[in-house]
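Starting from the given sequences, assemble the full structure and let the hints guide the process.
Counting from 0, one number per residue, gives the positions in the sequence shown under numbering that gives the first Met the number 0.
No wet-lab data here; the hints were simulated from the structure. Note that the structure is predicted; figures quoted are calculated from it, not measured. Heads up, the beta-carbon is just placed ideally off N, CA and C, and yes, glycines get one too. A few of these clues could be false.
Each pair of labels, with its calculated beta carbon distance range [stated by the list, open to error]:
id	residue 1	residue 2	range
1	K252	T119	33 to 39 Å
2	S137	A114	17 to 23 Å
3	R183	T204	21 to 27 Å
4	P48	S137	23 to 29 Å
5	T119	P48	18 to 24 Å
6	S137	P197	24 to 30 Å
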Amino acid sequence: MRHHRTTHVDSAQEALLTLGRLVDQALERIRIQRARVELAEALQRHLLPPELPQLPRIAIAARYTPSRDGLDVGGDWYDAFPMTNGSVGVTIGDVQGHDVEAIAFMGQARTSLRALAGATTDPGEILSGTNDLLISMSCGLFATCCFLTFDPVTGALAMSRAGHIPMVWATDTYTGSSGIVLDRGGPPLGILPGETYPVTRRRLTEPGSLVLVTDGVVEGPSCPLEKGLDEVVQLVRGGYDGDPDLLAGEVIKVADLTGHRDDAAVLVVRYAGIPSTG
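Spelled out as structure tokens, the structure:
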């Protein structure tokens, strides 16, 4: 009987030791994962532009909120920069995946777009060249993207999309024009080589705002894409003539309505209209 009690105590101690080892291993995995996420977040902050250009007759603002899916970190990006012909290049995109590899791919995509924008100002050519360049790196990932160029002097707008959410706009007219640019885009970047990307061209003469978003803003478990875009249209229609930073802040809140688990990014371009020649 005494021998039975000893065996029982030994078994209990062994079980406790095993449980302790499992807890230590779980805590170590959590620590490593958290360190990985912190690294990804730091890398992401480093790869996003520290500031956006403020050019004559143009004001640009952006907002970003991280993924809500546990410890995941996504690869959304935005960027804006002056181009060689006096236009401003504006881009937003979303990389497949939620890890360090997605962040690194985002950096490659953003850098490629900037590099190719130094050789051509055509958005379709920029996306096509970036697509081929990303494929040549054999990363195995893909990204959606919207790239536009805008000349604040002439009002010339050129835009091309690679599988990305369409742009929302509103202008200062008697009827309060606003809507979604349902242009024909091409496939996401990084899938098939030699793709071409159609370019939509317009001329903006009146003051207004152009708003680009990633899908985390307008699509989620509680909201289909069409409903999310309609919410953004309403906000842009009511705030296109105000501070672009305030408008970006209101648009990013749409993500709270969608129940999104993805990253969410917003980029707003506020245009003062073609300068008077009188």
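Check each numbered hint from earlier against the structure, then list the numbers of those it violates in ascending order.
none
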